[in-house]
Amino acid sequence: MAGRVIVITSGKGGVGKTTTSANIGTALAKAGYKVVLIDTDLGLRNLDLLLGLENRIVYTIVDVIEERCKLRQALVKDKKNPNLSLLAAAQTRDKSAVNAEQLKEICDTLKEENDFVLIDCPAGIEQGFQNAVAGATEAIVVTTPEMSAIRDADRIIGLLEAKEEIKSYKLLLNRVRPSLIKSNDMMSVDDVVEILSCPLIGIIPEDTGIITSTNKGEPIVNDEDALAGKAYRNVAQRILGEEVPFLDLDEPKGFMAKIKNAFAKLKAKV
Amino acid sequence: MEKVLAENGFIIDLSDAKNTTQLVFELSSIMEHPEVKGKNVRLKLGNLDLKQSQLLSIKALIESMDATLAFIDTKSEQTEASAVSLGIIVSEVTDEPAIVCSSDADIKEESVMVKTEPHSESEPEEGKTVEVHAEELTGPIETAHDVEDVYDEETTKELSEIIPSEHFEADFESLAANEGLIKPEETSKYILLDTGDVLPVDAEENSINTETLPTLYINQTLRSGQTVSYDGNILIIGDAHPGSEIVAGGDITVWGILGGIAHAGSQGNVTSKVRALKLNAIQLRIAGLYARRNDTLNVPYVQKTNEFTPEEAQIEDGKIVIYKKLRRD
Numbered sequence: 001m002a003g004r005v006i007v008i009t010s011g012k013g014g015v016g017k018t019t020t021s022a023n024i025g026t027a028l029a030k031a032g033y034k035v036v037l038i039d040t041d042l043g044l045r046n047l048d049l050l051l052g053l054e055n056r057i058v059y060t061i062v063d064v065i066e067e068r069c070k071l072r073q074a075l076v077k078d079k080k081n082p083n084l085s086l087l088a089a090a091q092t093r094d095k096s097a098v099n100a101e102q103l104k105e106i107c108d109t110l111k112e113e114n115d116f117v118l119i120d121c122p123a124g125i126e127q128g129f130q131n132a133v134a135g136a137t138e139a140i141v142v143t144t145p146e147m148s149a150i151r152d153a154d155r156i157i158g159l160l161e162a163k164e165e166i167k168s169y170k171l172l173l174n175r176v177r178p179s180l181i182k183s184n185d186m187m188s189v190d191d192v193v194e195i196l197s198c199p200l201i202g203i204i205p206e207d208t209g210i211i212t213s214t215n216k217g218e219p220i221v222n223d224e225d226a227l228a229g230k231a232y233r234n235v236a237q238r239i240l241g242e243e244v245p246f247l248d249l250d251e252p253k254g255f256m257a258k259i260k261n262a263f264a265k266l267k268a269k270v
Numbered sequence: 001m002e003k004v005l006a007e008n009g010f011i012i013d014l015s016d017a018k019n020t021t022q023l024v025f026e027l028s029s030i031m032e033h034p035e036v037k038g039k040n041v042r043l044k045l046g047n048l049d050l051k052q053s054q055l056l057s058i059k060a061l062i063e064s065m066d067a068t069l070a071f072i073d074t075k076s077e078q079t080e081a082s083a084v085s086l087g088i089i090v091s092e093v094t095d096e097p098a099i100v101c102s103s104d105a106d107i108k109e110e111s112v113m114v115k116t117e118p119h120s121e122s123e124p125e126e127g128k129t130v131e132v133h134a135e136e137l138t139g140p141i142e143t144a145h146d147v148e149d150v151y152d153e154e155t156t157k158e159l160s161e162i163i164p165s166e167h168f169e170a171d172f173e174s175l176a177a178n179e180g181l182i183k184p185e186e187t188s189k190y191i192l193l194d195t196g197d198v199l200p201v202d203a204e205e206n207s208i209n210t211e212t213l214p215t216l217y218i219n220q221t222l223r224s225g226q227t228v229s230y231d232g233n234i235l236i237i238g239d240a241h242p243g244s245e246i247v248a249g250g251d252i253t254v255w256g257i258l259g260g261i262a263h264a265g266s267q268g269n270v271t272s273k274v275r276a277l278k279l280n281a282i283q284l285r286i287a288g289l290y291a292r293r294n295d296t297l298n299v300p301y302v303q304k305t306n307e308f309t310p311e312e313a314q315i316e317d318g319k320i321v322i323y324k325k326l327r328r329d
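Respectively, the protein sequence lines represent chains A and B. Going by the numbering used here, the first sequence opens with residue 1, and the numbers climb by one from there. Going by the numbering used here, the second sequence opens with residue 1, and the numbers climb by one from there.
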C-alpha cells in the first residue's frame, strides 16, 4: 500500500492551515482510512492542541530524526479514532533541526502503512515550507478571501508549480462570509478562483464554532450540526474522489428564516 | 518515632531518625499534639550528630510549643559537646521497666491505672514504683529510672496515620515548611503513559538524596518553547507556561504555576520530586515514569488567583502520586 502524501500550506499565517489539517485528517479517519498528521511547524506547534493530544506527546519528529526513538513510538494515537495518529513537532527546537531529505524519508516510510499522510506546513516560504513540501505529491492551498492572503497563496502556487514532485494542487477557501459577499464587501468565491486560476476543493464558511472547538481540542468535523464541520467532511469526500456539490452558503439559517424560505418557495410555485 | 507519656513530662524517642530533617519533622509533629503543652520533654537522639545551631533550633522548637527541654540522651559525642556548650543537660533514658515519677500520689495512681493497662502482664509489682519530685525530673541519671514506660499506642497510631513521614523531606532550616499536613490527591489527576521500550535510566545507581545536589535558581517566567536543563535541582521563581520544558537531575520547584512539561530525576533519580504552587503540568515525568494530565483537566491556561494549594509529585509504588498541602484553618 502506498498512501497519498498531501501538504497543507498557505504562505500567509493565520488563514487556517492547522485547523484544516486537523479537520480533514479527522474526517478521513472517520471515513475508515488510516491517516497520519505531521506537524512541521517546529517551535510553534499547534496541531496537537487542536486535536487535544498535547498531554500525550513524549517524542517528536526531531527525536525521530535524531534517532532518540523509533518512528512508531513518536506516533500519538487520537483519543477517539485509532485510525488517526499525529507526529508532533518539537516545541523547543526550530526549523533548522530538520532538513528536507529527512522529512521526505519519514513521509516515504509513513505512506507505506497509511492511506493518507497529511503535512501541516508552517507559514512562510523559507526552510520550513521547503521541508514540509519535500515528501508531498499533492498540495492543498488554504486561503481566505482577502487580498493579502490571496497574494501569498499565488506566490505559494507558483512555488508548488515549480516542484516536479507536486502532481496536483487544489485551493481551499476558508472563512467565507456570505453576508459580506452579498453586500460586496468581500470577494466572492468565483473572484478568488478566477484570480488564482486554481481548481477549488472546498469552501469553508466562517464559523464561531471553530474557536470553541480549537479551545476544547476537538475538531469541528466531529460536530454533526456545525456548517464548517459539514464543509470539511465534504472536502474529505472530494479528496477521496467523490463528486460533492459545494455548500449553498446563501441559504438562510435559523428556524424563522427556514419558514420564511419555505413560504417563499411555496409562493413561487403558486 | 516513639513518644512516652509520663506525668508532667514526655520522653520522645527520636533515635530512629536517619537525618536531621526527619528528626525535626517527627519532633514537630509530636510537639503539635496539645498534650505536650507545658510539659518537660526528654529527648532520645540516638547516634545522630547534631551541631550546636541544630540543637538550639530543636530547643527553640520545643519552647515555641510552651514546653521545656529537660535533658537529652545521645550516643553521639558531637551532640553531647553541642549540648554541653548550650547548657543542655545530657543524661540517659533507659528502657528499663517503667516506673512512674510523680510529685502527687493521686495523679500517679491515675496514670498507672489508665496508662499501664496494656503492659499489665510484664508490669512489675506496684511496690516497685518510685516516687520522685518534679524538680528531680531535670536532674540527670536518677530521673532516668523514674519514668513510666507508657506507650500511648492510640495517640501514636493516630499521628502516624495523618503524617506519612517517609513522604516528606523538608529542609532542616525551613521549619515553616513542616506546618500543615500532606495527603494524597483523591482524583486521578495524572495518568501514566506507556513510553514503550525506551527507558534510558539506571534507577539504582542514580537515586541519591536530592538535598545534596546543587540548585539552579531562575528568577523569570518560562515561556512556550523555552527549556531549562540542569543536572541538579531547579528552582523557578515565576510561572512555567505551557509549551515550556524543565529537565532536572534532581527536584523541580516552581514558585508559581507549572503548566509545561516537568522532568525531575532525568538521570533516573526516583527520589526526585516536582512541586509547584499550582501543579498543572501537561506532563509530569519523574525518572523513567511519564504521566499525562487527565483529559478532563485539559485546560490550557489556569486562572490566576490569590489562593494556591501547593502540590508535590513523587514516585510511590511505581506510580506518580500527588500530595497536596492542606490549609490549617
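Please note that a few of the clues may not be correct.
Claimed, not checked - Listed below are the simulated DMTMM-like cross-link pairs for lysine to aspartate or glutamate, each with C-alpha atoms no more than 25 Å apart in a straight line:
#1 B/K319 / A/D78
#2 A/K30 / B/D295
#3 A/K79 / B/D295
Keep in mind that the hints were calculated from the coordinates and are not lab data.
Under the criterion that the straight-line Cα-Cα distance not exceed 25 Å, is the pair A/K30, B/D295 satisfied? 21 Å, holds
Between A/K79 and B/D295, does the CA-CA distance stay at or below 25 Å? 9 Å, holds
Keeping to a limit of 25 Å between CA atoms, is the pair of B/K319 and A/D78 held or broken? 24 Å, holds
Hint check: no violations occur; every hint is consistent with the structure.
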